[in-house]
Amino acid sequence: MKKIYFSYIWAACLLVALLSCKKDLKKLSLGEWNPNLAVPLAHSTFDVYDIFAHTNAEDLVVIDPNTGMLALVYKSDIATLSGNQYVSINDFSDSKSLSLSALGGTVSPSFSSTFSHSGNEEIDFAFDNSAQIKEFKFDDGDLFFNISSTFKHPVTISFSVPSLKKNGVIFSKTINVNAASGSASTASVYEDLAGYVADLTLGNTTNNKLQVNYQITVNGNGNPILATDQISLDFGFTSLKMDYAKGFFGTRNLVVPSDSVLLKVFQYSDEGYFELVDPEIRFYLTNSFGLPINLNINQIKTINVNNGQVLNLLGYSQQHLLNYPSVMGDSSLTTIVFTKNNTTNLEQVVSPAPKYVTFDANAVANPSGNTGVDNFVTKNSRLKAYCEVELPLHGLAHSFKLRDTVNFSTPTEAENLRSVMFRLIIDNGFPINVLAKLRFLDENYQEVFMYSNDQLLLAEAAPVDGNGKVTSNKKKISDLKLSENQIQLLDHVKYIELQAEANTLDFASGKHIKIYESYKLNLKLSGQFEGKF
Amino acid sequence: MKGNSKEMKKLLYIIVLFFCCAASSIAQQNYTMYAMTKMAQSHYENPSNYANGKIYIGIGLSHHSIGVNHSGFTLNRVFVPRSQDDTLVLDQDRLKKSLWGRNYIMTDVRNELLGIGFHVKKNYFSLSISNRIMGNIVYPKDLIILGLEGNGRSLLGERINLNGLGAHIDAYLEVALGYNRKINEKLRVGGRLKFLSGYGNFSTKKSKLGITTDKEDFDLTVDGKFKFASSGFRDFFDTTNSGGGYTFDPSMIYKFKNFGMALDLGATYNLTDKIELNASLLDFGFIRWKNETASYETDNLDFRFEGVNLKEYLNDSTEYLDRLQDSLLSKIDKDITYNPYTSTLSSRFYIGARYKVTDWFTVGVTSYNQIVGNRLRMAGIISGTIQLKNWLGFTANYSTYGRSWGNIGLGLSLRGGPIQFYVMTDNILAINYTGVKNAHVTFGLNLLIGKLDPKLKASKI
Numbered sequence: 036m037k038k039i040y041f042s043y044i045w046a047a048c049l050l051v052a053l054l055s056c057k058k059d060l061k062k063l064s065l066g067e068w069n070p071n072l073a074v075p076l077a078h079s080t081f082d083v084y085d086i087f088a089h090t091n092a093e094d095l096v097v098i099d100p101n102t103g104m105l106a107l108v109y110k111s112d113i114a115t116l117s118g119n120q121y122v123s124i125n126d127f128s129d130s131k132s133l134s135l136s137a138l139g140g141t142v143s144p145s146f147s148s149t150f151s152h153s154g155n156e157e158i159d160f161a162f163d164n165s166a167q168i169k170e171f172k173f174d175d176g177d178l179f180f181n182i183s184s185t186f187k188h189p190v191t192i193s194f195s196v197p198s199l200k201k202n203g204v205i206f207s208k209t210i211n212v213n214a215a216s217g218s219a220s221t222a223s224v225y226e227d228l229a230g231y232v233a234d235l236t237l238g239n240t241t242n243n244k245l246q247v248n249y250q251i252t253v254n255g256n257g258n259p260i261l262a263t264d265q266i267s268l269d270f271g272f273t274s275l276k277m278d279y280a281k282g283f284f285g286t287r288n289l290v291v292p293s294d295s296v297l298l299k300v301f302q303y304s305d306e307g308y309f310e311l312v313d314p315e316i317r318f319y320l321t322n323s324f325g326l327p328i329n330l331n332i333n334q335i336k337t338i339n340v341n342n343g344q345v346l347n348l349l350g351y352s353q354q355h356l357l358n359y360p361s362v363m364g365d366s367s368l369t370t371i372v373f374t375k376n377n378t379t380n381l382e383q384v385v386s387p388a389p390k391y392v393t394f395d396a397n398a399v400a401n402p403s404g405n406t407g408v409d410n411f412v413t414k415n416s417r418l419k420a421y422c423e424v425e426l427p428l429h430g431l432a433h434s435f436k437l438r439d440t441v442n443f444s445t446p447t448e449a450e451n452l453r454s455v456m457f458r459l460i461i462d463n464g465f466p467i468n469v470l471a472k473l474r475f476l477d478e479n480y481q482e483v484f485m486y487s488n489d490q491l492l493l494a495e496a497a498p499v500d501g502n503g504k505v506t507s508n509k510k511k512i513s514d515l516k517l518s519e520n521q522i523q524l525l526d527h528v529k530y531i532e533l534q535a536e537a538n539t540l541d542f543a544s545g546k547h548i549k550i551y552e553s554y555k556l557n558l559k560l561s562g563q564f565e566g567k568f
Numbered sequence: 009m010k011g012n013s014k015e016m017k018k019l020l021y022i023i024v025l026f027f028c029c030a031a032s033s034i035a036q037q038n039y040t041m042y043a044m045t046k047m048a049q050s051h052y053e054n055p056s057n058y059a060n061g062k063i064y065i066g067i068g069l070s071h072h073s074i075g076v077n078h079s080g081f082t083l084n085r086v087f088v089p090r091s092q093d094d095t096l097v098l099d100q101d102r103l104k105k106s107l108w109g110r111n112y113i114m115t116d117v118r119n120e121l122l123g124i125g126f127h128v129k130k131n132y133f134s135l136s137i138s139n140r141i142m143g144n145i146v147y148p149k150d151l152i153i154l155g156l157e158g159n160g161r162s163l164l165g166e167r168i169n170l171n172g173l174g175a176h177i178d179a180y181l182e183v184a185l186g187y188n189r190k191i192n193e194k195l196r197v198g199g200r201l202k203f204l205s206g207y208g209n210f211s212t213k214k215s216k217l218g219i220t221t222d223k224e225d226f227d228l229t230v231d232g233k234f235k236f237a238s239s240g241f242r243d244f245f246d247t248t249n250s251g252g253g254y255t256f257d258p259s260m261i262y263k264f265k266n267f268g269m270a271l272d273l274g275a276t277y278n279l280t281d282k283i284e285l286n287a288s289l290l291d292f293g294f295i296r297w298k299n300e301t302a303s304y305e306t307d308n309l310d311f312r313f314e315g316v317n318l319k320e321y322l323n324d325s326t327e328y329l330d331r332l333q334d335s336l337l338s339k340i341d342k343d344i345t346y347n348p349y350t351s352t353l354s355s356r357f358y359i360g361a362r363y364k365v366t367d368w369f370t371v372g373v374t375s376y377n378q379i380v381g382n383r384l385r386m387a388g389i390i391s392g393t394i395q396l397k398n399w400l401g402f403t404a405n406y407s408t409y410g411r412s413w414g415n416i417g418l419g420l421s422l423r424g425g426p427i428q429f430y431v432m433t434d435n436i437l438a439i440n441y442t443g444v445k446n447a448h449v450t451f452g453l454n455l456l457i458g459k460l461d462p463k464l465k466a467s468k469i
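Residue numbers (the numbering used here), protein chains in the order written: chain A, 36 to 568; chain B, 9 to 469.
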């Protein structure tokens, strides 16, 4: 039994000892919890097209296929003049009354025989600007004849225009007019002129003229012929449109409206200095008008809209006679190139980061008058002029400032944030340093705080060789840590304004760099947020 | 005595060896019952054991057991008093130090509904119907560190190791037919054939996941693969189910809709008059799950999240974010399948030895082993058992398991007439629940009829 008691006592002691060790777990606290989350936020690889031509990749052109060297080329159509605008023909109409005597008839109480009368009318077309047209092909239009007869006899009228042909066939029409009974009898005819070619020289004797021949035959039916009987003719050309015209179109001024080329690379820049090697301004004029045209470029200037600075291009040739085709349907190209060699200050006018290059020009057709060589123009003739401004990405730049704003919202309430750090990693394949300031703005774009009063070097320029070409990328890790005060203000921040400044490598020493198609910039943005709960 | 001394040395050697192996292990509990060989229910831990009466009957109250084991930390280890008051504050450093690379929360519940056993000459027959629930949740240390400190401190630049994250849960009705026989004076062997009717399962079939945060740019790389199968949990995954959800139908249990089988084997061998060797293999079987199944499997994951692609975002932010979301989800958003599958039970085996010190006092050493997932878990137990009278038994043991060295088990059996009551625990220290990793209790009430013929006993111990 002692053994039994011993066992029970031992177990009881053990139980008491265990219970005495028990802690009070009613007042448990998890304490402060500060999880630290490191997350990738954004990334991208930017190539030359993303950086220099993100709105239109065609703005960036490889100007040296062997090396991949690039230039920014901005184009703009300056003016377009079409053939229909240049030559227009006015409508023409005429009327004629032929009395009995003019027709060669006589009064008769009962006429059963016939008599005829032949005649012609000369049409003198009026062209704008006193143009002297020798040949004209109609694209559209109508030729009409209206006849009115008081004869109580049938009348037959035949028209022909020997110089108006369609597919080699002379225009001719015959109209029968019924015998009048009480009132005059009428008849009409319309002819679609599309496809007709008019020789307006009346046998190489003149210009702008056409002759209409007619023959009138009165067929007696036994009714009387009165002394007052007559025949009236109305005819005309209406709604005329040109297919082509030949001749001399006169000396005249052509309106070339002022225009400009937007230099997008400077579109968002506040300021900056560029020193580009061999910029060019090129005009391309494609002309399918068969006549000499002289282009007068009155003014070329650059405008910086931010500071109002205007710089005129000087020392360039203003007068340019444009090439023109000798065969209808062809076109000729005239290229006018302004470089530093044929201007005085081309490199200087693009240096202050201008937003626009503007032009003012006018043109004169047949500036030497009628030289005896026929002009021609078709309805499809165009004089198209456009301009290219080529900025080779070779040179140096500094203080090139950009400003942009992005939306911002905190991932959680600022009071729950203990620390915030943004890490920006830029692996830069461009020989360009980028410095920046960050302004945190409220909903009214008012500054809540500036991250740093000093500019931060965010991207470090890649090194270049003696030719200005990058030899290797340059990596830069920037940790942007917000202070506790700045974190507390984050709740008010709605936008972040980035004020960036770009400078080419060693610009101060005048080092020129080149931008090649193969350059890339890798960007990584990540964040580390420590909570406070 | 000399012979006894040698045997004791051997036993000590075995003890040391077991405890070294078990030092970093966890295990399931019911070791105390294993040592209580006079109990009818010890037949469940070693089928070569038997009831200490001609006939044993248990209805409803015969055997109830629940055990919980956490391999990670104890509450008093990670909550420390604050200096300014008596508040207990979580000490995150202590918590991290308390965790192992892979940590387990295990539960084992057994409720016997009916138990019958009887002897026929050298044979012992048994029938048992039990409800069993076994759960095993695995969580890696890095998961807790990730929750405590995020990925921006010690895990920055490291692979957050989530390998093994998952759960294994089995719930089933067990109908067991047992038999054992005394082969000769030294050996007794037994076995139990069990028919299983599952009513709930969650099996993490594959769990090899990792997240790496790049030290420089914080890019997140996810690698690995995850696969699970389940039965009875479909409502958690079936997003198309707009009805009233899954309703548990008890009839599915007796209809054996999720049928399985398992085998227990055991043997007891008397090496000498004083030393007994024993071993058992338990729950070696499977369940075929057909009812309300839902399975999910990812592809081999290996993707890197680098944040938003600025160029694409600036081009079309809405469309891009939709595409990004779709792209990320496509890595893990795989269709749930509803095919039948098979799960294996978490098999266990004991191997041990007992030494008869006196007629009424024996000591023993036991190694307990369990296969959880693909891993072997071990525990080491030394025990002492006092069988004072036929109606009174007492056992105590010291065990190490669940990365816990200090577990003291106690067991008591009392018999008055045909009624036998018993209660036992693998860790009495769990009364102070703040300082333990393991808690366990088993109790029951048996009806024992008749006195067993001593000649039928296999063991002389």
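Misleading hints may appear alongside valid ones.
Derived lysine-lysine pairs resembling DSSO-like cross-links, with alpha carbons at most 30 Å apart [unchecked claim]:
no. : chain 1 : residue 1 : chain 2 : residue 2
1   : A       : 419       : A       : 172
2   : B       : 105       : A       : 504
3   : B       : 319       : A       : 567
4   : B       : 149       : A       : 62
5   : A       : 511       : B       : 105
6   : B       : 149       : A       : 510
7   : A       : 516       : B       : 265
8   : A       : 62        : B       : 105
9   : A       : 299       : B       : 319
Everything labelled a hint here was simulated from the structure, so no lab data went into it.
Evaluation of the provided hints:
1. Distance hint between residue 419 (chain A) and residue 172 (chain A) is fulfilled; the C-alpha atoms sit about 24 Å from each other, no more than 30 Å.
2. Distance check on the hinted pair: residue 105 (chain B) and residue 504 (chain A) sit about 55 Å apart at the alpha-carbon level, beyond 30 Å; violated.
3. Straight-line distance between C-alpha atoms of residue 319 (chain B) and residue 567 (chain A) comes to about 33 Å, which puts the hinted pair past the 30 Å bound.
4. For the suggested pair residue 149 (chain B) and residue 62 (chain A), the alpha carbons sit about 26 Å apart, so the restraint of at most 30 Å is met.
5. Proximity of residue 511 (chain A) to residue 105 (chain B) is assessed by CA-CA distance (about 37 Å); at most 30 Å being required, the pair is judged violated.
6. Using a Cα cut-off of 30 Å, the hinted pair residue 149 (chain B) and residue 510 (chain A) is violated, with the two alpha carbons roughly 36 Å apart.
7. Proposed proximity of residue 516 (chain A) and residue 265 (chain B) is contradicted: the alpha carbons are some 61 Å apart, above 30 Å.
8. Taking the CA atoms of residue 62 (chain A) and residue 105 (chain B), the gap is about 23 Å. The hint holds against a cut of 30 Å.
9. Distance check on the hinted pair: residue 299 (chain A) and residue 319 (chain B) sit about 19 Å apart at the alpha-carbon level, within 30 Å; holds.
Of the numbered hints stated above, those contradicted by the structure are hints 2, 3, 5, 6, 7, listed in ascending order.
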